[in-house]
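Enquirer: So the chains spell out like this:
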Amino acid sequence: MEVKITSENFKKEVLDSEIPVIIDFWAAWCRPCLMLGPIIAEIGEELEGQVKIGKINVDEEGYLANQFRISSIPTVMLFKDGKPASQVIGLLRKEDLLKRLGI
Amino acid sequence: MHDVIVIGGGPAGVSAAVYLKRFKLDVLILMKDEGTLAKTDHIENYYGFEKPITGSELFRRGIEQAKNMDITVKVEEVLNIDYFDTFTVKTTVGEHQGKTVLLATGASKVNLKVKGFHNFVGKGISYCAICDGFIYRNKRIGVLGTGDFMHEELEVLKNFSKDVTIFTNNEPLTVDVSGFPVVTEPLTGFEGEEVLEKITTADKVYPIDALFVAMGTPSAADFALRMGAFIEKNNIVVDHEYMTNIPGLFAAGDCIGGLLQIAKAVDDGAKASMAIHRYLRAKK
Ligand SMILES: Cc1cc2nc3c(=O)[nH]c(=O)nc-3n(C[C@H](O)[C@H](O)[C@H](O)COP(=O)(O)OP(=O)(O)OC[C@H]3O[C@@H](n4cnc5c(N)ncnc54)[C@H](O)[C@@H]3O)c2cc1C
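Heads up: the protein sequence lines correspond to chains A and B, in order. The opening residue of the first sequence carries number 1 in the working numbering; numbering runs sequentially from there. The opening residue of the second sequence carries number 1001 in the working numbering; numbering runs sequentially from there.
Just so you know, nobody snuck in bad clues.
Okay, derived cross-link-like pairs now, BS3-like style, lysine-lysine, Cα gap no bigger than 25 Å in a straight line:
1) B:1123 / A:99
2) A:83 / B:1123
3) B:1233 / A:99
4) B:1233 / A:94
5) B:1032 / B:1109
6) B:1067 / B:1099
7) B:1123 / A:80
8) B:1123 / A:55
9) A:83 / A:55
10) A:94 / B:1123
Residues from chain B that face chain A, not an exhaustive set, calculated with beta carbons under 7 Å:
11) 1122
12) 1124
13) 1126
14) 1131
15) 1227
16) 1230
No lab work stands behind these hints: they were computed from the structure. For each residue, glycine too, the CB sits at the ideal point set by N, CA and C.
From just these sequences and the hints, can you work out the full model?
Expert: This is the structure we're talking about:
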């Protein structure tokens, strides 16, 4: 399941989520982000029910990007119990991404 | 439209081009200079030379061999590669179109050895203006470099902010950047609480929000980063067919890592040419 995260639904979908949330900070002009997209989607399918996938478009959600001090995209963050647990910057293969996120 | 654009005129690139030509493919070699071979004048472990040969001489022979086979060799520095079904390779001179591209640019250069540099990569220090420039719109942006590559990044960054400073780190500028402030002093440190906040030199402090690194000539890793190809420890990741995760983008030689030797670069080039041949045939 992929959810589009905005500053309106951030609390409900991320902070109050029952299961861990993987957030993909991305933008349409960023090629590595576009290559990461399908990898994130695959993770979402494989871990269906165990993690939620949230997509934050930094172009539209400047406030959120700022709040989490996103300075390079793609950035992937893992939220557990409403708190950032790990963060990975840059395009990685699926196995490496999962390992670096600690999943 | 070329069948293959080979970027690099060293052992990997020329070896690939020679085979590709024999497959009757239209191949173009683009290269900047002698590459890694310029750094050695004593090669004695490569097959077939009874006396040691210099890197420059081996390089010269490779290029002559290619030219004698009617392969077009152009001395142009590649600045950017764009793709959408086919590839557009932008150089210091113009643009070239190819159905496939082979990256054979040699090993990626080492990073800047300045205190704090590594701490801020991804936290204000970026290698890709097109990816991260937008995040720093209207902020204080620095760009590190001296030549065409730096200028290419500058062209992107100036759309995002009016406050762009060029840092050359004690190297002479080779392009015209009039209108932009230039700091030529050697850099001594990168500082900030969580993210990059300032760059220091021996006697000055420059407040900055982001620094984009574009030193020297873009390497295969720089191209891969912008295109969304996988990189691991600065090496391009390829499959057993020497192809990256981007269809039609291949890589060979030192830029994919492994044994950094001429014999291996030549082997890579030969195998990559076979794979490219198969790829183009299957695409028809
Ligand atoms: C000091 C030293 C000694 C060595 N001694 C030996 C030895 O004795 N035996 C041995 O087998 N190996 C030796 N090597 C290693 C050997 O030089 C390399 O393994 C080999 O040159 C790799 O070939 P390559 O084709 O992958 O890359 P390179 O030879 O580096 O060729 C890269 C090519 O790409 C071009 N290029 C790069 N970027 C761009 C760009 N943006 N646009 C256009 N063109 C670009 C360069 O100009 C160059 O033409 C030595 C290396 C060093 C540094």
